[in-house]
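Visitor: Working from the sequences, and respecting the hints, build out all of it.
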Amino acid sequence: MNHIQLLYPEAIISKEFPTDNFSNYHYFRNHQDQSWLLIPKNGIGEKELKLLSLLYEHVEKSAISTMNIHTKEWYDFLYNEGPFPIQQSQKEMRFIHFFIENQQLEREELESAIKGFLPEQAIIIWEFDNRGIIIEENSAVSLSEKEYQMMSETFEADFFAKTFFFIGKFHELAFKTPSLIKQDKEFFDFSLSFLKNERMLSFEKVFPSYLAHHLREDIKGKMDNELLKIFKDDPEMHITIKTFLENNLNASMTAKHLYIHRNTLQYRLDKFTEKTGIHLKDFHSAFTVFIASLISNSEIK
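Take 1 as the starting number for the sequence shown in our numbering and just add one per residue.
You may find that some hints are simply not true.
Said to hold, decoys possible - Just the calculated beta-carbon pair ranges, DEER-fashion:
1) MET150 x HIS3: 44 to 54 Å
2) THR273 x ASN68: 52 to 62 Å
3) ILE239 x PHE84: 41 to 51 Å
4) HIS171 x PRO208: 38 to 48 Å
5) ASN102 x ASP233: 35 to 45 Å
6) ASN68 x GLY45: 28 to 38 Å
7) PHE175 x HIS3: 54 to 64 Å
8) SER35 x ILE260: 49 to 59 Å
9) LEU249 x GLY82: 39 to 49 Å
Claimed, not checked - When the alpha-carbon atoms are kept at most 25 Å apart in a straight line, the in silico PhoX-like pairs for lysine-lysine are as follows:
10) LYS162 x LYS146
11) LYS91 x LYS176
12) LYS275 x LYS229
13) LYS182 x LYS91
14) LYS242 x LYS256
15) LYS115 x LYS146
16) LYS242 x LYS232
17) LYS146 x LYS196
18) LYS169 x LYS196
19) LYS229 x LYS196
20) LYS182 x LYS169
21) LYS222 x LYS275
22) LYS169 x LYS205
23) LYS222 x LYS232
24) LYS229 x LYS185
25) LYS196 x LYS220
26) LYS256 x LYS205
27) LYS50 x LYS196
28) LYS185 x LYS162
29) LYS196 x LYS182
30) LYS162 x LYS50
31) LYS162 x LYS91
32) LYS222 x LYS242
33) LYS162 x LYS256
34) LYS50 x LYS115
35) LYS169 x LYS146
36) LYS50 x LYS15
37) LYS232 x LYS196
38) LYS185 x LYS169
39) LYS205 x LYS146
40) LYS162 x LYS182
What the hints contain is simulated information worked out from the structure, not anything from laboratory work.
Model, not experiment: these values are computed from the prediction.
Quick reminder that beta carbons are idealized off the backbone N, C-alpha and C, glycines included.
Guide: Here it is, written out as structure tokens:
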């Protein structure tokens, strides 16, 4: 980070999290050497801030300074190579990333609303004023995906705030847990950019789109060009086929999701088969078409 100080002479570099009050500074975390970079807010423009945020993790100071001791233990374990949180060292935990689109809401109000849905022992770590991680212990009162869906719908109705969740898997804590959290964060970041209509996310839901997006161009080029052309020329056909496959070939669910009559859906499916010669009830055909639909999505983005 020394080269950064040449550009920003008033920047501060520290191996430890600065405990003094630097409220007029932007905080950046370098995960390569676990150091901190602080740059005065009045000394950096918006474009520079975005660029630095790509190189380092931009962290809200208030997200850390307001933590209680137990939450700070978790923060140190996940981000500072700290020891296992003692109370949970033998328990199965999962980590739910969340993002709330409305940035005008007060964090205290949001946290109170979130905790109203969660088991008492759940912990919230804030990364920004509208984004964080819920740490949940595996127990009889653990929330289901449906309950997180209800939370998202409630926030949108009460706060006019679109809320997104990436629900991780329960697993025992291990030294590799922080790297798994970092991987989930990468998938969540991807979904916020490329799966904007999805509120409830998981590895299984995100990974196919992530894979299609990151395929090498020469691999994408081997996909049936006629199939891709149909999706490109007929966006309605594209969304119909993709939705049909995502709903496990269930015509009733697909028609309901698309707000169309089943006869209309059947007409579109027949039209697709007529154009391509592909029957979607065959697993390998359906899988190939689904990958093609994701590649088309990726190219549209």
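Visitor: Checked against the structure, which of the hints given earlier come out wrong?
Guide: 4, 7, 24, 31 and 34
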